[in-house]
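Asker: Based on the sequences and whatever the hints tell you, model everything.
4 protein chains.
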Amino acid sequence: MISNEQIQDHNSGRLQLHNHSWDHLSAQLQEQGHSVNELVRKIAGFQVAVPSWALGTGGTRFGRFPAGGEPRSLEEKIADVGLIHALNRSSNSISLHIPWDIPRDTAAVKDLLNAHQLVIDSVNSNTFQDQKDQEFSYKFGSLCHTRPEVRKQAIDHNIRVAEIGARLGAECKTLTIWLADGSNFPGQHHFRRAYERTLDSLKAIYAGIPADWTTLVEYKPYEPHFYSMIIPDWGTSYSLCQQTGDRAQVLVDLGHHLPNTNIEQIVARLMHFGRLGGFHFNGSMYGDDDLTTGSIKPYQLFLIFNELVQGMDDPAVRNPDLAWMIDASHNTKDPVEDLLQSVQAIKTAYAKALLVDTEALFEAQEANEVVKAEEIVRAAFETDVRPLVAESRLQAGGALDPLAFFGENGIRRRLIEERGRYAVATGL
Amino acid sequence: MISNEQIQDHNSGRLQLHNHSWDHLSAQLQEQGHSVNELVRKIAGFQVAVPSWALGTGGTRFGRFPAGGEPRSLEEKIADVGLIHALNRSSNSISLHIPWDIPRDTAAVKDLLNAHQLVIDSVNSNTFQDQKDQEFSYKFGSLCHTRPEVRKQAIDHNIRVAEIGARLGAECKTLTIWLADGSNFPGQHHFRRAYERTLDSLKAIYAGIPADWTTLVEYKPYEPHFYSMIIPDWGTSYSLCQQTGDRAQVLVDLGHHLPNTNIEQIVARLMHFGRLGGFHFNGSMYGDDDLTTGSIKPYQLFLIFNELVQGMDDPAVRNPDLAWMIDASHNTKDPVEDLLQSVQAIKTAYAKALLVDTEALFEAQEANEVVKAEEIVRAAFETDVRPLVAESRLQAGGALDPLAFFGENGIRRRLIEERGRYAVATGL
Amino acid sequence: MISNEQIQDHNSGRLQLHNHSWDHLSAQLQEQGHSVNELVRKIAGFQVAVPSWALGTGGTRFGRFPAGGEPRSLEEKIADVGLIHALNRSSNSISLHIPWDIPRDTAAVKDLLNAHQLVIDSVNSNTFQDQKDQEFSYKFGSLCHTRPEVRKQAIDHNIRVAEIGARLGAECKTLTIWLADGSNFPGQHHFRRAYERTLDSLKAIYAGIPADWTTLVEYKPYEPHFYSMIIPDWGTSYSLCQQTGDRAQVLVDLGHHLPNTNIEQIVARLMHFGRLGGFHFNGSMYGDDDLTTGSIKPYQLFLIFNELVQGMDDPAVRNPDLAWMIDASHNTKDPVEDLLQSVQAIKTAYAKALLVDTEALFEAQEANEVVKAEEIVRAAFETDVRPLVAESRLQAGGALDPLAFFGENGIRRRLIEERGRYAVATGL
Amino acid sequence: MISNEQIQDHNSGRLQLHNHSWDHLSAQLQEQGHSVNELVRKIAGFQVAVPSWALGTGGTRFGRFPAGGEPRSLEEKIADVGLIHALNRSSNSISLHIPWDIPRDTAAVKDLLNAHQLVIDSVNSNTFQDQKDQEFSYKFGSLCHTRPEVRKQAIDHNIRVAEIGARLGAECKTLTIWLADGSNFPGQHHFRRAYERTLDSLKAIYAGIPADWTTLVEYKPYEPHFYSMIIPDWGTSYSLCQQTGDRAQVLVDLGHHLPNTNIEQIVARLMHFGRLGGFHFNGSMYGDDDLTTGSIKPYQLFLIFNELVQGMDDPAVRNPDLAWMIDASHNTKDPVEDLLQSVQAIKTAYAKALLVDTEALFEAQEANEVVKAEEIVRAAFETDVRPLVAESRLQAGGALDPLAFFGENGIRRRLIEERGRYAVATGL
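Quick mapping for you: the protein sequence lines, in order, are chains A, B, C and D. So in our numbering, spot 231 of the first sequence is number 232, and the numbers just go up one at a time. So in our numbering, spot 3 of the second sequence is number 4, and the numbers just go up one at a time. So in our numbering, spot 110 of the third sequence is number 111, and the numbers just go up one at a time. So in our numbering, spot 402 of the fourth sequence is number 403, and the numbers just go up one at a time.
Honestly, the hints are just simulated from the structure, not real lab data. Treat each hint with caution, since some may be false.
Pairs involving identical chains hold if they fit within one copy or between any two copies, as the list cannot separate such chains.
As the list claims (entries may be wrong) - Lysine to aspartate or glutamate pairs mimicking EDC-like chemistry, simulated, CA-CA at most 16 Å apart:
no. : residue 1 : residue 2
1   : 174       : 164
2   : 140       : 224
3   : 373       : 402
4   : 140       : 367
5   : 298       : 383
Answerer: Next up, the structure:
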């Protein structure tokens, strides 16, 4: 665990340079009419959950190149998130993936979470792989399977996942369902019946979990199936949620769209319907690439946050609070570094979105002043908000440069020494 | 106008060869348990409307290369569709495009339609271009426009379009709305407000047209706007229809999808919801290419028809009757030839879909016998149904080879002589 | 091993029905001027190699659902291909993947190949995964790596792979290089230097393998890297081959293209340059989906064969003989069934391409008679060639219905009994 | 024409704010080791040509919504570019489009150019439309046409275009060929012959224009043809240039790529080959959308400039000087405003690319320090370079805020008064 002293040591050497930049930026923002304290407060308060599966080196079907020192247990995963949170003060929660993250000693896990100032924010079921002790295979589907006993097994698994989550703390009230069900060949699926079976299964899960829990329903156009996915697009996810209940909500994963999709418009649509439940952040150039968030299309990420900020600020929008999560894989980067970069990119996009002069923007939109509207949005994006994000991290007790801290302190080397060169994260 | 004698002359020379093939195929189909008469009856009965705008040479923003002899008036457009229908007996109706197809003499037009055994099946509004006498411009939108007076103008236009259609015959009870509204740049649109304004406009149109009319709402991801379209996907279209009324239905245009979309699944989805109102057939490799139907992805066209046939045959599906229309542009082909090819491709796909052994397919699907299910579907596709489609045309009084008839009789040459080398179809 | 008697038993029950269809089709083809014997001969002679890695159940990064009975050794892989070849008489060769398929007893392997009437046609290197005993990791590339010692290791591996192949028979004169090298993030690669290093490595391999060997250089736009691949497109592959030598040739994998690519045009281009060396067949809807060949876009497959047949028949084209290979993964189908379907689809496309009336086609092309040219191509595609493909298989001693044979004889069940339910194919 | 006094008036009110920002940024850049004067000099010197066709309101095949005041002649187009250049001091040249921009009085045009401190930098031929007086139609192609007389007409046109350019000044030594030739349907083109005819035509043009001229060969995957384009990708363009001559070079248009293409890698590739001749800048979300440059993917634009700057700075790269041009259409924006925004986006990307610490980057690349390499690139992108671009404009005599100047001085209103509300730019 990283001590406050270490953080302060790190910061002290960087403070002068930071203050210089921050003084200039904060003056500039105040001139533009922003409340600098309010900005810092909002950005510091923005927390993004880290999924337990993102702490090991991921890979592709072609191979995996682990860097070593991966967390071998739930406890070590918590330690890694604790490390990240100590550095950036922005990752105070974890998304668990069941069956891998089932705690052996619930009380001890809760203590460990407390020690790291972390909570479990949500739990994720897994019906896209077969576990050793499993009675029925999910090869041909889970919630959409033609056989009722397979569906029941998948429904029960989801309900059990929620139970495990509930035991880990009152903050955990979200079940995320990524349904990998689909078909690889024309003719394989009866589309209408498969949809109806999926809906029935979702209703059964919804009825089986606590009444104050939210069910997040993810969509994805392809992979692991390459002809059809049972929930390929937001429209399908939305229609399922409509029929399931108020606390059934759509989850948007940035990598789960066909080429050229305008994702920010989907975000606006779902908020307008009050059905945007959460986000999986990652970066994407081709498909579900699971790259570092913001590494490929930072402007798109900003435009998405622009919609989110406007939607959250608009009293006419009756969307529930959102679950913010990272969902990425790490093939060539250290997972901790990748997560630190992702959080930085998310906060950068959020900070820039907060700078948009929405009043002037709405006026330009009403008047169809296209150039003006675009320039307003663009001005926020062009602003260098690194000092603002750093200041908010500083005030929250984090490190001015988390990446540098991680590297300079040889943390990966120490993790390898402790856990071994060939430690493999559970679930990978 | 083509006489029955001409058709019979044409057919007589081809009959022997046709009969030989048909005898073989019909024997084969009967062995497989099909009722050949029923197949012929269904295929002969399948009618696809021709849109009035498809009778001239289209083009792209880069240029237009007309072949000459284009119809200069509604009357000449009717004559062209009459010609097509006389040859293929499958295009007994026309989709009108207002303002270009406003009849000067309604009674005369109705007589002309009767003479050609045609009806008007639907009317299409146009709010994506400015007309000379128009008070407000649609440059920044029509049904979604920020100014109420512009929206009102667009709503009134739609209602008037329905009135014009209603006057032309009792068969016309469908208003097709393709809404080109959208934005070209980030910031230009307030997505949520633009959606809400569009919904209000659609409701006003719905309330303003006769109670037994259907409103078809088309979606399209891009073009003519290149950042966002107000109705980019089926999910948006569906949500608008849900809130507008039972007779608001989604129209699927085959070219209006992002790359790699599984369109057949969308078709199944919408039929399952009872919200598939109609089809715009065309061929597409990249986007809204508006090529000849089936010219690029004939297997996809067949798979779509497979869903349509299954949906229409399933008593559990409560989808209304669909409006079948071609919507294509003709850059390098004679428009009449292109339309004849399109109808042939549509009927081929329909005929093959009728051959699918659905009982065996559903069994294989239930049992997750993937290879078997695929082979059943594929067997229907591999069948050479050209004799079946020809036989159904023959029995309906059409030509055995409409394309050959058109070419051999020098019809385009005669149209050019009659209408001129540089005649330009109204609306182009 | 399957005996001729078993094949004849199988065929005898199906012969009457087949002959009936074949009589009709062959008469029809003769009427059209085709030499039926020539067609049968060509189709029977067309052989497609099976890659050793395609005999197990593949999967995605999300999981794998093996059906059991997978080949546990090179010998069992040969047995599986032998089985396929016995049934379809079209898969007389195997592509090996080193390091997994290194024979322990070369003489014994050669005897086994002889017994199954098989040859090794090509060998594939693997520098996209780290092997246990490997000195340097390929995490950051192999042939493009910044460190010369890593490149040397990868070069040496490729040369050794060719040596292994050469020992297995004189027919093996092809080294296939799929280079997974690439980068996941902007800034990671110095594009120009990485290209130059790759070129140098290719030259070294080319110089290190026997002088009569062909080097096939594959391209792929993404996966396993998601920002850039060192050889993303045919242009890069072609430029590398140009600089490497005459026997460096481009390999086209059908799944390795960006959305909407016109692959048949690339095929024509490369043949025109004399640089098309080989093919990896598979089916694709979204990316490198590795589905059954022809399962998604059969018309495209046919159009590709149309170019291949025209190129092979044209004396002006100085392209070498091509290496035909399947490269697919099998997630939800039995691998053997999948391969049988793939070969059937390939032969179907080839047979249809042979039916194209090229003389008339070229005339129509010269005269810009677009409709006529398209109808000529389409007529070949619409023809039901299943009896033709079956007849060519029959005459070659294969089964009339390989899939049915495989299923009815419970072959998978027997493989599971022999090899075990959880046998995993080496290399997976 | 805008006077220096007007510019100075405009600047004086903004100078204090600008100086404040610039002082801060220049100090920061100096701390990082940059020569601020050198940066300003380079950015000020970067000039982007405006194409004559971009001065009117473009549109799509669905319609056009002109704002009025469009230039009705070459002289008025020069005036518009002169206005842009007076404001941004970065657009000192024009790309002409023949046949529309043929000067009636060459000497007068040259005087006018001089008065505006402008030159003609390149000329563009047009063989994608038929002109009234044209003997042969380009409906079925121009340089690739099957008939030699059509090809000759197109070749002669290209040569004549170069002659017209040569007469307008010694700076004009570039002929840009965008070849719209292609096919809409399978079977239409004989791919290999069409390629060979195209190559012959290019060679004839190359031989027919002055020996010191450069021929730029553009590629585009689709539109206006939707099955195949004769030059669909950089590989085809490159192969044609290789066979044509040293001064045949590839032109990259940012909108001419399939979805998800890594354009920056293509840029690096072509520079490495010494074959990157020029650029058409525009913005793109779906295809050849021709939006404002940088409006959709500013990070990609920066990454492209990163490759350009590295390539131009590397003595090992023997690429000729590049032709920088904007090629956009303006559907919903004022063309002049759109062009001002595009130039600003280009200069922003260029300025940021100049800030990349290439020495550190190359070190990180060599060491495969992925995170570090990415952070170096990203740091440059995150920098707010607006003061730097403004300062370079200021020092060159331009306006601090060209867009504001254009709006506040009511220039469009004055152009409408002068040229009329319905003036249509020649060529649209």
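Asker: Compare the structure with each hint and give your call.
Answerer: Evaluation of the provided hints:
Taking CA atoms no more than 16 Å apart as the test, residue 174 paired with residue 164 passes inside one copy only; the shortest distance there is 10 Å, against 54 Å between copies. Proximity of residue 140 to residue 224 under the C-alpha cut-off of 16 Å is restricted to the intra-copy arrangement: shortest distance 14 Å within a copy versus 24 Å between copies. Proximity of residue 373 and residue 402 under a CA criterion of 16 Å is satisfied inter-copy only: 13 Å between copies versus 36 Å inside one chain copy. In this homomeric assembly, residue 140 and residue 367 come within 16 Å of each other (Cα to Cα) only across copies, at 14 Å, whereas the closest approach inside a single copy is 52 Å.
In the homo-oligomer, the alpha carbons of residue 298 and residue 383 lie at most 16 Å apart both inside one protomer (14 Å) and across protomers (13 Å), since each shortest distance falls under that limit.
The earlier numbered hints are all upheld by this structure, with none contradicted.
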